[in-house]
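Those protein sequences? They're chains A and B, same order as listed. In terms of the numbering used here, the first sequence opens at residue 85 and continues consecutively. In terms of the numbering used here, the second sequence opens at residue 373 and continues consecutively.
In short, the hints are calculated from the structure, not lab data. You may find that some hints are simply not true.
One-sided and incomplete, this derived list gives chain A residues near chain B with beta-carbon spacing under 10 Å [stated by the list, open to error]:
| id | residue |
| --- | --- |
| 1 | D308 |
| 2 | P467 |
| 3 | A501 |
| 4 | M504 |
| 5 | S520 |
Keep in mind the model is a prediction, meaning the values are calculated, not measured. Don't be surprised by glycine CBs; every beta carbon is placed ideally from N, CA and C.
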Amino acid sequence: MRGLSIKLKLPLLIGGLVVVVTGVYAVAAYRATARAAVSVATDRLGTVTDQFADMLHGSRNQIATHLDSIARNPAVVAYVTRPVPSQSAAALAALVPPLERTGSVAGVALWSADRRRLLSQGEAPRRGLVADSSLLRQAAVSDTAVIGPFRIAGDSLAYPIAARVGTAGHTLGYVVEWRWVAGTARSREQLNHIVGANAHLYIGNSAGDVWTDLTQRVPGPPIDVTHATGLLRYDRAGVGSIYAAVRPIAGAPWLVLVEYPAQTVLATARLVARQLVLIGAVILLLGIPAAWVLSRMLTHPLARLTHAAEAVTAGDYTQAVGSDPRGDELGRLATAFDTMVTRVGEAQQRLEDRVRARTAELQERNEELEAFAYSISHDLRAPLRAMGGFSQALLEDYGERLDQTGRQYAERVVAGANTMDLLIRDLLSYSRITRSELRLTPLDLHRAMQSATEQVADDVAARHARVVVDEPLPAVIGHETTLAQVLANLLANAIKFVPAERTPEVHVRAERRDGRVRVWVEDNGIGIAPEHHERIFRVFERLNPAEDYPGTGIGLAIVRKGVERMGGHVGVESQPGGGSRFWIELSQAEAVDERHSHTAG
Amino acid sequence: MSGTAILLVEDDANDVILIRRAFAKAEIKNPVYTVEDGDAAVAYLAGEGTYADRDDHPLPGVVLLDLKLPRRSGLEVLEWVRQSPTLRRLPIVVLTSSRESADVNRAYDLGANSYLVKPVGFDSLTDLVRILQGYWVGWNEKPEIEPA
Numbered sequence: 085m086r087g088l089s090i091k092l093k094l095p096l097l098i099g100g101l102v103v104v105v106t107g108v109y110a111v112a113a114y115r116a117t118a119r120a121a122v123s124v125a126t127d128r129l130g131t132v133t134d135q136f137a138d139m140l141h142g143s144r145n146q147i148a149t150h151l152d153s154i155a156r157n158p159a160v161v162a163y164v165t166r167p168v169p170s171q172s173a174a175a176l177a178a179l180v181p182p183l184e185r186t187g188s189v190a191g192v193a194l195w196s197a198d199r200r201r202l203l204s205q206g207e208a209p210r211r212g213l214v215a216d217s218s219l220l221r222q223a224a225v226s227d228t229a230v231i232g233p234f235r236i237a238g239d240s241l242a243y244p245i246a247a248r249v250g251t252a253g254h255t256l257g258y259v260v261e262w263r264w265v266a267g268t269a270r271s272r273e274q275l276n277h278i279v280g281a282n283a284h285l286y287i288g289n290s291a292g293d294v295w296t297d298l299t300q301r302v303p304g305p306p307i308d309v310t311h312a313t314g315l316l317r318y319d320r321a322g323v324g325s326i327y328a329a330v331r332p333i334a335g336a337p338w339l340v341l342v343e344y345p346a347q348t349v350l351a352t353a354r355l356v357a358r359q360l361v362l363i364g365a366v367i368l369l370l371g372i373p374a375a376w377v378l379s380r381m382l383t384h385p386l387a388r389l390t391h392a393a394e395a396v397t398a399g400d401y402t403q404a405v406g407s408d409p410r411g412d413e414l415g416r417l418a419t420a421f422d423t424m425v426t427r428v429g430e431a432q433q434r435l436e437d438r439v440r441a442r443t444a445e446l447q448e449r450n451e452e453l454e455a456f457a458y459s460i461s462h463d464l465r466a467p468l469r470a471m472g473g474f475s476q477a478l479l480e481d482y483g484e485r486l487d488q489t490g491r492q493y494a495e496r497v498v499a500g501a502n503t504m505d506l507l508i509r510d511l512l513s514y515s516r517i518t519r520s521e522l523r524l525t526p527l528d529l530h531r532a533m534q535s536a537t538e539q540v541a542d543d544v545a546a547r548h549a550r551v552v553v554d555e556p557l558p559a560v561i562g563h564e565t566t567l568a569q570v571l572a573n574l575l576a577n578a579i580k581f582v583p584a585e586r587t588p589e590v591h592v593r594a595e596r597r598d599g600r601v602r603v604w605v606e607d608n609g610i611g612i613a614p615e616h617h618e619r620i621f622r623v624f625e626r627l628n629p630a631e632d633y634p635g636t637g638i639g640l641a642i643v644r645k646g647v648e649r650m651g652g653h654v655g656v657e658s659q660p661g662g663g664s665r666f667w668i669e670l671s672q673a674e675a676v677d678e679r680h681s682h683t684a685g
Numbered sequence: 373m374s375g376t377a378i379l380l381v382e383d384d385a386n387d388v389i390l391i392r393r394a395f396a397k398a399e400i401k402n403p404v405y406t407v408e409d410g411d412a413a414v415a416y417l418a419g420e421g422t423y424a425d426r427d428d429h430p431l432p433g434v435v436l437l438d439l440k441l442p443r444r445s446g447l448e449v450l451e452w453v454r455q456s457p458t459l460r461r462l463p464i465v466v467l468t469s470s471r472e473s474a475d476v477n478r479a480y481d482l483g484a485n486s487y488l489v490k491p492v493g494f495d496s497l498t499d500l501v502r503i504l505q506g507y508w509v510g511w512n513e514k515p516e517i518e519p520a
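Bound-form chain A, shown alone (with noise of 0.2 Å):
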């Protein structure tokens, strides 16, 4: 859940959401349904069942009513009273029963007041229906007939009604009739109806020994029922869960027993539950593609937003979220970001725009600067040719005319000018190298060396200087041109700083350190104490007097600078008059390129 988009999001939310309410929904409407259901089933059960054994018990007292009256029969009573064969034939007269019952009645029978069978017609006693004494003993003391239990007969069943022929307390005889329980199949239908909602309606003993459903034996219900009340819930094989409700029926040891499928009891909330799922499933197909949807016009302006946002982080100020009409928290959100964006964007532009006329302005003082150097390199040395030009030609052409003085100052005046040249070579060689771009390579230090050298054979001559340089050299990343100035700057000064009466001897080599070479330029020379070890790196440091060692002081300036444009350092280690030992360190290089090592030069 963690890593989907707020689009997935919503959606599955939503119907989730729908789900599970539907889901508590469905099942409490179902509870609640079904408790109403089995509620009114229960009072319909009870009310059924009450009103069926009050039915049983009018059928059972006309039942007795017609037994009792054969009991009053003269003939009857006269031939219990004294049973000889001539009095028979009118008795059995009397106890056979109209037409129209003839079906329904298996015999009927008379016994004595010892209870002894007497007469007997139908087919009952063949069936093994013969009256017990304990529904006979019942029949003594009772005013009316009195009903038995149903007797299995093969596979009928019976039931016998017995009433007393006498009086209270004097007992003559018994008449007892078996009836066929024979209801037909439309009869016990249209019960049933009458029950209604699938009902059934079951009459059994009340011992719960045999049952039937008024048209043949049925198998009772599984649990004792004899002395149940209220409402009952079992299981019956082939009808699946039942509720039931029992009553006994007065006058007859009988129980009518009314079932009712517990699925049809359910039905209607099983229906309201079903209804409800599918209501839920209604929601559900509606309603993702609408939160769906929903999400998407939530989640757009926002990936636009995004989108936006990503192409700002990229530097790209141009990717407005746009307008926006709806005025919600994302379209307001939307407004405020493009505010935004091009503020940033103006403010960056502004910024450029600054740095650009900034850059230009700077670009425009080194233009003045390169044309005021330029300029110096022209016009400056124009004139100071004339001065020395014009003083060498009064010497050579006027000399003889001059005096000794005259000659003199003119000397000095090409040896100011010669001064003043240098100076400004040297002052231009120190603008350049601040100023030039210097793109750095790997060079070769040997050639740099040699060309160094080169541009100091004339001191090494007037010096009669000795240079000793360690072969190999390695090669160093940096700039051949500046390389070779700064050698040849420190070579002139090993060479310059050594007393007239003494050879300079100078001693060039280079060793490795982690990655960068140092040169050392050792001298013989006068030396220079520690307090001046880093001023004399400074433009125009000088610490001995011209007269001695002419120079501009800008040569180890020009040093330190072309050094430091290389991405080197300098240094000195020195004591007067111990020689000094300067040292320069650059980035070594792994090998030469030969390409630049041809070109360069």
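Got chain A sorted already, so can you dock chain B onto it with the hints?
Below, chain B without anything else, positioned relative to chain A:
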């Protein structure tokens, strides 16, 4: 050989005198003609106007060209010569006071045959003029210059 003319393009009168004196000092007999600005140099080389007479103003064997000139700069003169169908091979030696690498590189880019910086010391100037004459007038093999 002494007849090969040298054209000196130089606006500084002092330099003209010193250079002419150096020529004299070096005992160089070649005629030295002088013009003082870039336009004059172009006119001389093209043989136009006052320079139309080649007897008075012969085509030089070598031009000594200053860069900083009035009207038309030395570099412009150089460019003009190198683009001229007839004069393009004319040897041109830049003789100036600028050491700026921009000037040096530009001059060579435009086809200068040599680039020399005027020395301050007079002895050096005499040496330079002597070497220059010996090299460019003496030893140097001249190209064919088609008559204008």
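Okay, the hints, checked on the actual structure:
1. Checking A/D308 against chain B: minimum C-beta separation of about 125 Å lies over 10 Å; hint violated.
2. Taking 10 Å as the C-beta cut-off, the interface hint given for A/P467 holds, the closest approach to chain B being about 8 Å.
3. Hint on A/A501 holds. Least Cβ distance to chain B is approximately 6 Å, under the 10 Å limit.
4. Checking A/M504 against chain B: minimum C-beta separation of about 8 Å stays under 10 Å; hint holds.
5. Because the smallest distance between the Cβ of A/S520 and any Cβ of chain B comes to about 8 Å, under 10 Å, the interface hint for this residue holds.
This entry does not satisfy hint 1, going by the numbered hints stated previously; all others are met.
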